[in-house]
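Whenever a hint applies, use it, and build me the whole structure from the sequences.
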Amino acid sequence: MVLVSAGLSIRGAQEEDPPDPQLMRLDNMLLAEGVSDYRAKLTQIRQIYHTELEKYEQACNEFTTHVMNLLREQSRTRPISPKEIERMVGIIHRKFSSIQMQLKQSTCEAVMILRSRFLDARRKRRNFSKQATEILNEYFYSHLSNPYPSEEAKEELAKKCSITVSQVSNWFGNKRIRYKKNIGKFQEEANLYAAKTAVTAAHAVAAAVQNNQTNSPTTPNSGSSGSFNLPNSGDMFMNMQSLNGDSYQGSQVGANVQSQVDTLRHVINQTGGYNDGLGGNSLYSPHNLNANGGWQDATTPSSVTSPTEGPGSVHSDTSN
DNA sequence: GACCATGATTCACT
DNA sequence: AGTGAATCATGGTC
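Take the first sequence: its letters are residues 1 to 320, numbered as in full-length UniProt numbering.
Among the clues, some could well be false.
Unchecked claim - Straight-line C-alpha distance at most 27 Å; calculated DSSO-like pairs for lysine-lysine:
no., residue 1, residue 2
1, K159, K196
2, K95, K55
3, K196, K185
4, K196, K181
5, K185, K130
6, K104, K55
7, K95, K130
8, K104, K83
9, K83, K95
10, K83, K130
11, K175, K130
12, K175, K196
13, K181, K130
14, K160, K41
15, K159, K175
16, K180, K196
17, K159, K41
18, K175, K185
19, K104, K41
20, K196, K130
21, K160, K180
22, K160, K130
Think of the hints as simulated: they come from the structure by calculation, not from any bench.
Computed from a prediction, not measured in an experiment: that's the story for all the values here.
Spelled out as structure tokens, the structure:
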């Protein structure tokens, strides 16, 4: 019996679980990570193990008493020494403990298989479904100014794409780096998705504008962020973002508006004509990609390309 | 089988 | 902890 407690930790730390929103959120996260699935299977193995173990123990006891009874009956006809009884019981117990050993062994195997399968599943690369890639791309290109989905957005995307949050993070990590490395290559893709979402974006903006007009004719109090570098294009959005020097990952409302802006600007640019490729100004030029790289501002605050006052005025200044 | 695309992993950085 | 960058490893296509 020592082996039992030593082999597998029996008592899981799971008692009851009152409906706690925090717990539910964690559960969802684990589910998204595919962890609960693993845990569920593990629990299943554990349950089987314990019921089997119990069964064996019970059977062992029953069998011993049965044998004892037989021996007792036999003792009437012939003398049976206590030593013989002890020996009998010993044999029975040894037999059953060997059975238990087998049970433990197969349980361990099952756990190992489960674990390796779980790890393999995460390690093995399988292409996402076309739909999933589409969803991810749509998000990416409509948030091109700030393709850093929040935790909630990642969870949402994960759910939509039927992949894990980690996979979403991986995807965005890869996408950002690969997009940045070779923007030209992704031009077509960017155009495609921009056009795709343009209609929805236009509708949304139109609705928002209408709503704005009807509701309050005053200035929109978009306390949004955005905070990225819009190279040229002295659009009104500059004002919006300079309202708040905050970094991205800010309010979702702002992000939404920004995504629509991205899409719309793309479309506007497209219709307004552009120099194809080699002029350097790709139509879907990385608004916020500065010369040195990333979307991430603050890495190199210098960015002194040409102090042509205009709208360029990267971030910095704005001494509020 | 070569080649490219792509998801995953690792490591360094902040 | 989240990210960028490099790299690995596999899938898919020819």
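If any of the earlier hints don't hold here, list their numbers in rising order.
Hints 7, 8, 10 not satisfied by this model.
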